[in-house]
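Engineer: Go ahead and model the full structure; you've got the sequences and the hints to work with.
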Amino acid sequence: MKSVENFKIILLGSQAVGKTSLLEKYVKNTFTIKYKATIGVDFLSKCIDLDNTKYSLQIWDTAGQEAFQSLSTHFYRGSDACVIVFDITSSKTFDSVSNWIDEIQFHIGYDRKIPMLVIGNKLDLNEKRVVNSQKAKQWCEEHGIMYYECSAMTGQNIEEAFINLVKAIDVFNKENPRQFNPSFHLKRQNPKKNMCLCKN
Amino acid sequence: MEELISITYDSILIGTDTPTSILAAALSRDGEKILHIDRSSYYGSIDGTLAFHEFLSLASSGDSPTFREFCIHIMPNEDEECMKFPRRFNIDLQPKFVYSVGDVVDWTVNCGVSLYLEFKPLEAGVIWDKNGIRRVPCNKSEIFANEALSVVEKRLLMKFIEFCSKSIEEGNFDVNVRFVDVMAEKKLPQHLQNILLYAILLIEDTNVSFAEALSRMEKYVSSLGIYKDNCALLYPMYGSSDIPQGFCRMCAVYEGTYVITDELAIEDVCEIDGLQVVTSSFGPLRGKKVFVNSVYASLDKQVTIELENSSFRAAILCRGIIKEAEGPVLFSIPPMEFGNASVVYVLQLGESSSTVPAGYSMLHVWTAEGNADIIQSFIASVPVEIVFLATYKHTVVRCSGTLNHVYNPGGYEILKHFVHAKELFNKEKGNHEFLPLRHTEEEDVLKDI
Numbered sequence: 001m002k003s004v005e006n007f008k009i010i011l012l013g014s015q016a017v018g019k020t021s022l023l024e025k026y027v028k029n030t031f032t033i034k035y036k037a038t039i040g041v042d043f044l045s046k047c048i049d050l051d052n053t054k055y056s057l058q059i060w061d062t063a064g065q066e067a068f069q070s071l072s073t074h075f076y077r078g079s080d081a082c083v084i085v086f087d088i089t090s091s092k093t094f095d096s097v098s099n100w101i102d103e104i105q106f107h108i109g110y111d112r113k114i115p116m117l118v119i120g121n122k123l124d125l126n127e128k129r130v131v132n133s134q135k136a137k138q139w140c141e142e143h144g145i146m147y148y149e150c151s152a153m154t155g156q157n158i159e160e161a162f163i164n165l166v167k168a169i170d171v172f173n174k175e176n177p178r179q180f181n182p183s184f185h186l187k188r189q190n191p192k193k194n195m196c197l198c199k200n
Numbered sequence: 001m002e003e004l005i006s007i008t009y010d011s012i013l014i015g016t017d018t019p020t021s022i023l024a025a026a027l028s029r030d031g032e033k034i035l036h037i038d039r040s041s042y043y044g045s046i047d048g049t050l051a052f053h054e055f056l057s058l059a060s061s062g063d064s065p066t067f068r069e070f071c072i073h074i075m076p077n078e079d080e081e082c083m084k085f086p087r088r089f090n091i092d093l094q095p096k097f098v099y100s101v102g103d104v105v106d107w108t109v110n111c112g113v114s115l116y117l118e119f120k121p122l123e124a125g126v127i128w129d130k131n132g133i134r135r136v137p138c139n140k141s142e143i144f145a146n147e148a149l150s151v152v153e154k155r156l157l158m159k160f161i162e163f164c165s166k167s168i169e170e171g172n173f174d175v176n177v178r179f180v181d182v183m184a185e186k187k188l189p190q191h192l193q194n195i196l197l198y199a200i201l202l203i204e205d206t207n208v209s210f211a212e213a214l215s216r217m218e219k220y221v222s223s224l225g226i227y228k229d230n231c232a233l234l235y236p237m238y239g240s241s242d243i244p245q246g247f248c249r250m251c252a253v254y255e256g257t258y259v260i261t262d263e264l265a266i267e268d269v270c271e272i273d274g275l276q277v278v279t280s281s282f283g284p285l286r287g288k289k290v291f292v293n294s295v296y297a298s299l300d301k302q303v304t305i306e307l308e309n310s311s312f313r314a315a316i317l318c319r320g321i322i323k324e325a326e327g328p329v330l331f332s333i334p335p336m337e338f339g340n341a342s343v344v345y346v347l348q349l350g351e352s353s354s355t356v357p358a359g360y361s362m363l364h365v366w367t368a369e370g371n372a373d374i375i376q377s378f379i380a381s382v383p384v385e386i387v388f389l390a391t392y393k394h395t396v397v398r399c400s401g402t403l404n405h406v407y408n409p410g411g412y413e414i415l416k417h418f419v420h421a422k423e424l425f426n427k428e429k430g431n432h433e434f435l436p437l438r439h440t441e442e443e444d445v446l447k448d449i
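Going down the list, the sequences are from chains A and B. In terms of the UniProt record's numbering, the first sequence has 170 at position 170, counting the first letter as 1, and numbering is strictly consecutive. In terms of the UniProt record's numbering, the second sequence has 443 at position 443, counting the first letter as 1, and numbering is strictly consecutive.
No lab work stands behind these hints: they were computed from the structure. Treat the numbers as computed from the prediction; the structure is a model and nothing was measured. Be aware that one or more of the hints could be misleading.
[Claimed, not checked] Going by beta-carbon spacing under 10 angstroms, a handful of chain A positions derived as facing chain B:
no.	residue
1	Val41
2	Asp42
3	Phe43
4	Ile48
5	Leu50
6	Asp61
7	Thr62
8	Gly64
9	Gln65
10	Ser72
11	Arg112
12	Pro177
13	Gln179
14	Phe184
15	Arg188
Ideal placement from N, C-alpha and C gives every residue a C-beta, glycine not left out.
Structural biologist: So this is what it looks like as structure tokens:
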């Protein structure tokens with residue numbers, strides 16, 4: 001029997017860099033060219049099989065709460081990894097990557113580590129590129145972060161980036177085993193009939 | 001920024017406490033364009049779960065009308081972990097629980113917020129008195145198995161529970177009679193009364209009616225054993241402010257805009273051309289309606305503030321834990337045990353709730369009135385070392401005036417927060433459904449996991 005690993009992955013980055021587009025391309029293989037600030041997108045789940053293990057990824061979008069730096073601590077809870085997205089045609093969005101990393105560390109605690117992946121998006125607009133690929137890659141290497149350039153429009157490299165992230169989470173979790181700490185999501189309960197106080 | 005000041009919002013909500021956040025989610029689910037703001041570095045407002053340094057800064061600022069008279073009794077050493085890693089130590093301003101069955105669960109599951117929240121079963125029914133700490137029997141079989149109770153006591157207790165059960169079924173009881181008087185009439189000894197009142201039904205007010213006690217009993221029994229044997233209550237992982245944060249996220253998913261930052265100054269609300277205009281450091285914000293929580297009550301120039309009740313609270317960081325347990329534990333200290341005039345509740349949160357690191361526990365204490373001496377005297381009876389002790393006064397206020405004021409009932413029971421949010425929702429929306437069913441493809445995916 002295959003084992004199942006559940007990972008929560010959070011998606012971050014400045015507005016309009018294509019977080020939701022990447023997510024939808026990766027999970028649903030759909031892409032819309034028209035930009036719409038994130039609404040209605042909550043999180044999407046995707047199951048992948050790797051080396052005889054089934055991985056269930058729950059990838060959380062920001063729900064637009066990043067717009068005024070108002071992401072709640074709640075968003076970062078229990079995340080296994082984070083993906084920071086920037087737009088290769090906007091240097092401002094690359095500059096803010098380090099702010100996002102700071103923000104993540106602030107919420108999860110500066111002493112805690114978590115696997116991170118930086119994605120330079122909009123590779124399909126390579127001719128308009130302003131962020132130097134080598135420079136970005138080197139910056140990420142220096143910070144111990146994985147780096148990929150992708151296109152949410154064509155889907156280029158997305159699959160590969162996520163697969164390698166999952167592998168990195170796996171390695172990280174083996175090196176930093178977490179205590180099993182079961183918790184519950186609320187479930188709807190059917191009302192009991194003929195309730196008697198002396199049950200049990 | 002331009003977006004903020006160019007849009008006319010259907011509702012602007014100020015403050016992110018639990019009822020205001022539930023209302024924000026309910027209104028946005030009903031199709032309203034919402035702006036939800038708070039001049040704060042954290043979500044939750046007076047229902048916040050604060051990191052250690054945030055708590056210290058709230059205590060020293062002294063500008064919260066809800067929480068006052070902070071006394072920091074023992075300052076940690078310089079090398080203490082809570083100073084070095086303040087984010088690892090989280091303090092609920094007012095801890096909250098959820099009964100495993102009931103309207104709160106139904107609304108939360110229905111609207112999808114349950115996907116954002118995780119809970120731990122809360123072990124309640126633990127009495128802490130001069131004789132030590134012990135679990136009380138929570139159901140029929142435990143009553144029979146209990147070695148601390150005599151045969152006579154067991155019979156009295158069972159007879160009383162059967163009497164309550166019958167009263168519920170038949171509904172023929174005097175609604176005005178006090179629960180304590182009924183227990184006395186049925187000759188329940190004081191320590192059994194304490195168990196029922198304080199450890200099982202979690203009633204603080206001894207004047208509570210028999211009818212109210214019966215409805216709590218029903219809620220307790222139907223919630224028992226749903227997630228864990230002998231547990232009826234659930235505590236939110238990571239702290240109580242995850243509940244308002246979950247509803248804020250739901251509001252954001254449905255187009256709500258969030259500005260939660262201490263850089264935001266909210267100066268004034270006035271009516272211009274039929275719109276409410278909130279003057280802020282981010283510019284004028286326009287809404288058809290404005291809702292404010294008690295922190296922002298003074299934005300209403302004609303506000304009247306009624307003090308409803310106040311209680312004594314404490315947050316105690318300890319090295320070590322009082323009672324080994326898988327999850328959070330709620331202790332009930334009956335009146336007079338340690339010089340306390342009324343029941344004292346102590347919630348022990350350990351590593352499992354992800355609010356403190358291993359080796360520590362955070363104790364949240366609340367009681368009608370109390371003082372640091374009482375706390376010192378009951379803590380002295382257990383082998384833990386206090387690292388940090390803060391006491392403060394919590395006041396529940398009811399505000400009214402020309403703006404829409406969101407009332408926060410305070411206390412551990414979250415149902416009242418939903419009920420008030422629903423009242424405000426129905427006032428605006430008539431019979432529209434409050435927090436309607438949200439069906440997402442995620443639900444199906446999650447089922448498979």
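Engineer: Going through the earlier hints one by one, which of them does the structure break, listed in rising order?
Structural biologist: Hints 4, 5 and 12 contradicted; others consistent.
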